[in-house]
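Enquirer: Residues per chain, in single letters:
Protein chains: 2
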Amino acid sequence: MPRRGRTVGRRTILMGGAMAVLVLAVFRPSGAEAQDDPLPSWNEGVAKRSITDFVGRVTNQGGPDHVPPAERIATFDNDGTLWVEQPFYFQGAFAFDRVKALAPRHPEWKDTQPFKGILEGDPKAVAASGERGLVEIVEATHSGMTTEAFNQTVADWLRTARHPRFDRPFDSLVYQPMLELLAYLRANGFKTFIVSGGGVEFMRVFAERAYGIPPEQVVGSSGLTRFRLAQDGTPELIKEPRIEFVDDGPGKPAGINRFIGRRPILAFGNSDGDQQMLEWTAGGAGPRFLGLVHHTDGEREYAYDRQSHVGRLDEALDEAAQRGWTVVDMKRDWTTLFPPAPRSDQ
Amino acid sequence: MPRRGRTVGRRTILMGGAMAVLVLAVFRPSGAEAQDDPLPSWNEGVAKRSITDFVGRVTNQGGPDHVPPAERIATFDNDGTLWVEQPFYFQGAFAFDRVKALAPRHPEWKDTQPFKGILEGDPKAVAASGERGLVEIVEATHSGMTTEAFNQTVADWLRTARHPRFDRPFDSLVYQPMLELLAYLRANGFKTFIVSGGGVEFMRVFAERAYGIPPEQVVGSSGLTRFRLAQDGTPELIKEPRIEFVDDGPGKPAGINRFIGRRPILAFGNSDGDQQMLEWTAGGAGPRFLGLVHHTDGEREYAYDRQSHVGRLDEALDEAAQRGWTVVDMKRDWTTLFPPAPRSDQ
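These protein sequence lines map, in sequence, to chains A and B.
Positions 1 to 346 (my numbering) are the ones given, in order, by the first sequence.
Positions 1 to 346 (my numbering) are the ones given, in order, by the second sequence.
Hints should not be assumed to be uniformly reliable.
Remember, identical chains collapse to one label, so a pair may be satisfied in a single copy or spanning two.
Using 25 Å as the maximum straight-line C-alpha spacing, the simulated SDA-like pairs for lysine to any residue come out as follows [said to hold, decoys possible]:
#1 331 / 165
#2 191 / 68
#3 191 / 67
#4 191 / 227
#5 124 / 326
Bear in mind the hints are in silico, worked out from the structure with no lab data behind them.
Bound-form chain A, shown alone:
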């Protein structure tokens, strides 16, 4: 592009201008079409208006709130914000299924918690093993293989596993209104990122297909990997049994700083684990958008907030009220929750 500009010089600019006028004349949609709604699954209301108003302001060149495209960074939590997180985090379901699949190779698990609890379907025993138990489950199911073998295992699981209530593949339980929001932001020059407590490699398997977010724009928790040359000289990354970074709560601003290196101007979450990400985003100069998804729809999805074990929304909800952050009321604000079921389900 710069090369062509240099070659043709001033004529490029003039012709480019003429072309722009011509293109606009040909493609300008008629009145009704110009009103096309970029967020059709959002009911009219404060939440929707606050989004379109914000995008209008930061993209309004010459306006007081204009933000250059390079700084239009938008970060989204994943669990409960972009896809369902009930009745359990989906990555937890994956880990449990892996424990069951690997059990024949680990006879000792029959008598060791938290594995015993998983194999016997005893969630209380699993829960009783606490954080140490969680780490053991993650390490047993997320390490000891190459990164490529792990990715394949996740892809296979997503293809076969089903959500217990909706009887659909887990990665089809993404929120249609948020898909529209992601696309709307990208069409307005934003770069969209996931910033989630979930495992970064787990999410990358489906993030591009499900959300249009490429691997390099997924920030998450991670384990250590070790580079080695296999016996035949093939370079490999081996997933080691050691958690390296937890991208949750106060870890989210740290993850944003480490992976993105630029403060977002828009952040969306749904739980207290997103509070610090929203605070960090709010703390920058200039226009900011802070959003929380409030799960109020027990009929179409789940209703939970202050008392929930998974995805608790308590202090962040108070802070949102206090500071005027946008709270999306799922029941009130969203006309549709999910995209149509994938063909294989119909």
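Position chain B against the provided structure of chain A, taking the given hints into account.
Expert: Leaving out everything else, chain B in the frame of chain A:
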């Protein structure tokens, strides 16, 4: 875009095709202009030809080596590959200057190595403190402040410090041929990343300005940061005195996996610290480009390889010969080394 397509339907495609033909007819450059060289600072030869040949193949839609744009990931080492690394790593010079600036607040440094050696200009004493000494220097100069204060310190240093031999700002000592290569790759749909042993926050201060590489495409070594709310409620990230990740040698494939999540198809380095990155890149299926900058030009820059303390190129040079990687001979292959000196220098 999808919105407009949906609205106007088939007509969009037809009109778009007609428009493309028209635009091509108007803007097609004449014969000589079409030959415009995207790499004018590269002499004709094997290195240049191997680059343009590779880019031609992966962008040739319908050809056997075509790679979709999303997978056109290119990773570049920084020190010695994109900018000079002699007679010392520039970030080391920054750290030494910081030690001198901070010394009044640390009277104990007068009697403690490695600080004593820095203050007294005794490089042997500093070197004798080994890796422990290096870690102490990094921690003393790269922690104990907010991320924003650190960025400001780096920016101030880049504005004032000068390279001892070239008497130019350090961030003007970037290689013009590599700037052209980065721009050429981006113009061909590549996403360009830095993958360097240098500190990620240090590099991000100048990477966008110097190379056109945005912060979120800089991968590097990092220290721990801690989120906190200051007394007045301002959210801050404090740089802690703990190195968290060293993005060098076998750390580079791990860093690529963690930050980018997709295997590069092109990688460029200049030292044994880049060997594993090149191996990891080479290990993927499909067309691959592996490049090494060989510093052979003692007159215009520095000549060093197998024996050098900084930027040693030994095993990687042997592997390059063995496996047919492209070795750029700085003296032979590059017509110009640096962009014109910035105005303030003239």
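Enquirer: Compare the structure with the hints numbered earlier in the document and write down the numbers of the violated ones, lowest to highest.
Expert: Violated: hint 5 alone.
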